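Combine both chains into one complex, guided by the hints.
Here is what each chain is made of, one letter per residue.
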Amino acid sequence: MFSRYELGHFFDEMYRREDGGAFEHYKLLENRFGELDAQALEAKQLLVNEGFLEEGITFTVYGDEKGTERIFPFDLIPRIIPHAEWQQIEEGLTQRIIALNLFLNDVYHEGRIIRDGIVPEDVVRGAAHYRPEMQGVKVSKDNYIQICGTDLIRDDSGRYLVLEDNARCPSGVSYVLENREAMKRAFPQLYSNYRVRPVDNYPDILLDTLQHLSQRAGHAPVCVLLTPGVYNSAYFEHTFLARKMGIEIVEGRDLIVLDSYVYMRTTQGLVQVDVIYRRIDDDFLDPLTFRKDSLLGVSGLMDAYLKGNVALANAVGTGLADDKVIYAYVPEMIRYYLDQEPVLESVPTYLAWRDTDRAYILDHLEELVVKSANESGGYGMLMGPTSTKSERAAFAENIRAEPRNFIAQPVVSLSRHPTICENTSIEGRHIDLRPFILYGEKIEIIPGGLTRVALNKGSLIVNSSQGGGSKDTWVLHS
Amino acid sequence: MLSRVANSLYWLSRYLERAENLARMVEVQRYDSLDNNPSQTPEENDWKPLLYATCMEAIHAEASERSGDTDVGRFITFSEANSDSIRQCVAQARENARMVRDQISEEFWRELNRFHLFVASDKAIQLWSERPESFYRKVIEYCMLLTGLVNTTIPHDEGWHFIQTGKALERADKTTRVLDMLAYQGEPQRSRLASALRSCSAFSAFKAEYRGNFSLENAVSFLLFSPSFPRSVRFCMRQLDHHLHAISGSSPGSFTNEGERLTGSSLAQLNFSSIGNVLQVGYHSYIDSLQEQFNQIGQQLFETYILLPLEIRSLRQNEPPHWQQHQQQQ
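The listed protein sequences derive, respectively, from chains A and B.
Residues in the first sequence are numbered consecutively from 1, following our numbering.
Residues in the second sequence are numbered consecutively from 1001, following our numbering.
Derived from the structure by calculation, the hints contain no laboratory data.
Hints are not guaranteed to be accurate.
Claimed, not checked - Quick list of the computed label-pair ranges, beta carbon to beta carbon:
(1) 1141/B - 197/A: 39 to 45 Å
(2) 85/A - 1308/B: 50 to 56 Å
(3) 1308/B - 307/A: 21 to 27 Å
Said to hold, decoys possible - Some chain A residues near chain B, calculated using beta-carbon distances under 10 Å:
(4) 240
(5) 256
(6) 359
Unchecked claim - Result set (EDC-like, lysine to aspartate or glutamate): computed pairs, CA atoms no more than 16 Å apart in a straight line:
(7) 389/A - 366/A
(8) 1207/B - 1217/B
(9) 244/A - 1106/B
(10) 244/A - 366/A
(11) 244/A - 1102/B
(12) 1138/B - 1111/B
Predicted model, so just to flag it, every value in this text is computed and none were measured.
Backbone N, C-alpha and C fix where the C-beta goes; we use that ideal spot for every residue, glycine too.
If we strip away everything but chain B, and leave its shape as in the complex, we get (with noise of 0.2 Å):
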């Protein structure tokens, strides 16, 4: 397979399961700002949190500076200036679609177009402000019927586990930041945790894990380590682990490049590790450095499969590759 047509299945999956899990915060902090505190104004009060945990802070400020627009939900949603909105998330997921669409079957492209052009029109602005929850349960829909058209309509080839290793990726690193929403101000009251495990859709699971004993030690601790929960940080490692020799040929257990042995690394950590561990170094700091692990991960795959030895040792010596990494990690 084309390393360019590798690069853009792998972001083509991120920047959908991005636009997913962005609808999915959105949508429950939106939920949550409903029963507001009416002497606090939004920003202090709910919204702060999740921009901090999407890094837009910076870019949210000066876009709102600009144009007056302190709306952080329609920022995330629709917003041109930043580059992450779930917008421009659809329309760079549909970009890279775009170019492989030889490789992608005839009715994932058609729903993922459908997809973007409804994102990018008036209609969805509309629906947006007069029933949000029908507009994120869309977003939502759309992003599940794709990873269905994935799975039921592309084989499941090299181009299927490059899919499979941008989504679980990215899976992983957005359930890290919900964590670091949570988190965020200590020891959350009981109805902050509850939405952040329903903007996992992990609720019902985590209630069934833990018999309803809510707490942020629980909470962090089954979004974390679960085994068998398909969001937790440790199940989508081990997803990212099984895809990443699939594409390779290695065997299970064993490395032969450097994005595996991180993977393999990490997925070890999190395996051996208890909430212990984490309290030991704090919730900031663990979670920090499972993001950094996150994106040397990214670093790595792009280097082995998509660059040439050649371009590696310019980009080391801090030349500007001929081949520009152009998508962001976040």
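Bound conformation, chain A alone (with noise of 0.2 Å):
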């Protein structure tokens, strides 16, 4: 199935560039699939495709009025990650959220690293996601990110770089545990020649995480998870998170705010609740504070919440931390907090707010990547070399107007990977990777996250909502 698979001039994932061998840790799989036909190898898919749509492992497509549901496409030739290299990148991860953590207490408390100069004050405080009603007040275990998506890609030699943290609601860990459930089922044997590690205890540790922040002593904790609702696209996700940690999934017509408490309506009353799980934005929590016309949030929960008699995961404010904007400066966060050089390598970014690298972008609009700075899902983006003149004149004005607004980063072409693709011939596609960390008590990463997948052939763009699929990543015990 490989004799015909191109190299190209990317970092591939399988094969090494210099003699064109498959890497020691895939020749299972080389041989695995080399014994199947393009016949089997589309049975399996077929199989494996119909399975997700039965069992209702679907997103909704936005912008669809019928509310279309769709499955993430599932390539079925698993990523895998040898003990060594995934030890490193847990150490990066790890180190990288105390110090993001550490940063959000800082800032909406004393403000340390704005006075030792480190991060400019305009940086955060003009952040869109920056809140202002957060500023000294204290949050559960004085922790702000439980749950932190961040997306990890791998330049043209081979190093993980870190490209974004998503440290609001970031989703796809539902998908890394059937995805897992799919291949268990597709290539049993294979599966268990490579002795991987598991990762289906995540929701146990999920809810582990969630309990830990409950703050009424002598209660057995009652946790739920907010979801904006059935059309939401990862609706689904939400579903399977609350039935595996066997808590209920609400919406905000179910929870209600009595004197400063959040209760649940059940029908045998109501029911008062400890910690909340939101899979919904800052903006729609509680149209009193913010957006007046959500209707997805809970009139009241800010106040519950500032009064210390409600939890949240993640903590209101979050989203600074994600900030692309502020991404650029995790290394200095990292050595000022922590006193360590950062395990995992950030991609260089420049600011457009600074003169000089404005000057810079506009100059290179042709080979950056340019990016939004509060955007996300592949949105409010420009890359820069498959851009046309009139985007790139476009963009040009908007960062001129709204230069906080704006990053711009050099393009890395991300490592690529064998695919299925169309008539079953395999060739190589761009991918990424999203490691789950939670941080309770303490911090835990399920090895290895999703692997996003480009289909689209050259495409970088591993979107779920463009054209991007998924595939199973395997971490090897040793």
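Encoded structure:
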């Protein structure tokens, strides 16, 4: 199956560029797939897709009035990460989430890092997701980010780089677990021969993480998952996690705030809620504090929260940590708070609010990726090399008008991985990796994470909303 | 249990029961119309009572005028314009299930999802046009499978009682509609009686009970009052009464809310009535009053278990409630 595989000028996860041979940890896989002809492979793929559809493992396509549901395309060839490589990633991510939490606690209280001139005050206060309401507020366990999804890519030498942190409501973990189930069914022997580290305890750790936040003593914590509702694209994941944790999945209308305490409405009356794993953004949490037109939130929730009567995971205001301008300062934060060198490097970043950087960006639009500081999901982005003249002109104008809102990075050619493409041919496609980091009593990272793959030839955009798919990620025991 | 979850379980179950009953009614109707008198158009002859009994007359007239398609079977089975078509009922059931996936078993969810994917597919329409009896049998079989899964894979606790509540109420309602259809044109022919009984799976049970003595009186009597036949109105109301008491924890024969009281009162009426009482007021009024009671019960349960006291007050003052009872009672 791999005989006609073309390497291209990228780092390939499976094949060495020097001699075209498979890396040691991919040899078993090469053999197993070598035994399959196109027909057998197609049959396996069909079976897996049908399984996803029948289980309802789907996402809703936005902007489609009929609420069409699609499965998230899944590729059968797993990505394999050797033990030592994963250890390094784990170390880097742990360091990073500690620093980000210290940073949030600092800027929402004393602001030492601002006073010491490491991060400019304007950058903090000017961030769209900075929440002045949180200034001076003590959050449960002094910890802000409990659940973080950090996107990693590999450059052309195979070095892992942090692309961005998702510190608000990162999604995708349900696919990690479901992809694993699918692979165990499709390739049981291969899976067991590889000695892969399991991922299925994620919901248990997540529940521990949530319960840890409860501030009501002497009472089994009542945790709930707050969803925007059935039409949200990640709704499947919300029900999935709630079911696996055995907690209630609630919508805003299921909750009510009385005398600054949060209750859920049950058939037997009101039940007090201690911890809310919210899967809606700050803006929609409480129409009394944030967006008045939000129907998703709960009136009075912020009041209860600020009084410490309910905990939210993640805390309000964590969006500051995944601001793309703040991102550029994370290596500095690690040095400042931890007195360590960052284990994982970041992508070099130009900040448009700095005059010199802005001039450089405007001169080099064709070579750079320009990102709006607060958009996610691959929106609000300019891919320099493939952009048109008018797109560049529009971005240039926006950058001049709102420099705080833009950053630029050189195009990093994401690593590629053999992927099943049209007519069951196997071709290289670009991938990234989103590990999920949980920070409760201690920090735990489930081995691997979501490997997203840009299914369109040549594309570097892995988001599910824009032609992305996913793979199972196998971290090996040793 | 969350009020919204109870509401979803209740409606999920009602929609499934509705789909099953519609499939039974349409299939029997379709089969009967094969023996049509060719001088009559199908609309005049057979389908009218069905549209009447399912309250779809007006909406069918409107939809067929717009689309030019007068086929009643297709309308009741697939129409997007008909919010109570079998296809829409299954979609609604599945939508409700999607909101409570943490409350139902994985097997139940998977089969319901498969059911929905099937009914929503073009394959379903193809099967329906080639072999309608196979299509309707498949719908009924899916419903029976789901009924079985509810009983064997979901804990018999509060949520399950809400599922059973929805089922009992919907089933009682649908049996009265079959009766309505039957009494539509005075004393019907023997074949019509047989069809009505078959659409409730009551043919053999009826024959055993009445030794084949077919009459409108006997059929009505059986479907209303049989103490042991599971689709008789009386039987369904006894079930409803039982599940409501299981939910509230109050003892049988007492009541703690208006829904329980109305159910008990309906049940007492059915327990101690005979066909003579029905004839006194006439079939239609009798059935009408039962259906009115069912609607009342549904509304009262909603106010007791789903709404907060605050919201009921605003509901009484005719303000739009913050929390709509978005599903419909027919």
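Do the hints match the structure? See the list:
{"no.": "1", "hint": "1141/B - 197/A: 39 to 45 Å", "result": "43 Å, holds"}
{"no.": "2", "hint": "85/A - 1308/B: 50 to 56 Å", "result": "54 Å, holds"}
{"no.": "3", "hint": "1308/B - 307/A: 21 to 27 Å", "result": "23 Å, holds"}
{"no.": "4", "hint": "240", "result": "8 Å, holds"}
{"no.": "5", "hint": "256", "result": "7 Å, holds"}
{"no.": "6", "hint": "359", "result": "52 Å, violated"}
{"no.": "7", "hint": "389/A - 366/A", "result": "9 Å, holds"}
{"no.": "8", "hint": "1207/B - 1217/B", "result": "14 Å, holds"}
{"no.": "9", "hint": "244/A - 1106/B", "result": "12 Å, holds"}
{"no.": "10", "hint": "244/A - 366/A", "result": "47 Å, violated"}
{"no.": "11", "hint": "244/A - 1102/B", "result": "8 Å, holds"}
{"no.": "12", "hint": "1138/B - 1111/B", "result": "13 Å, holds"}
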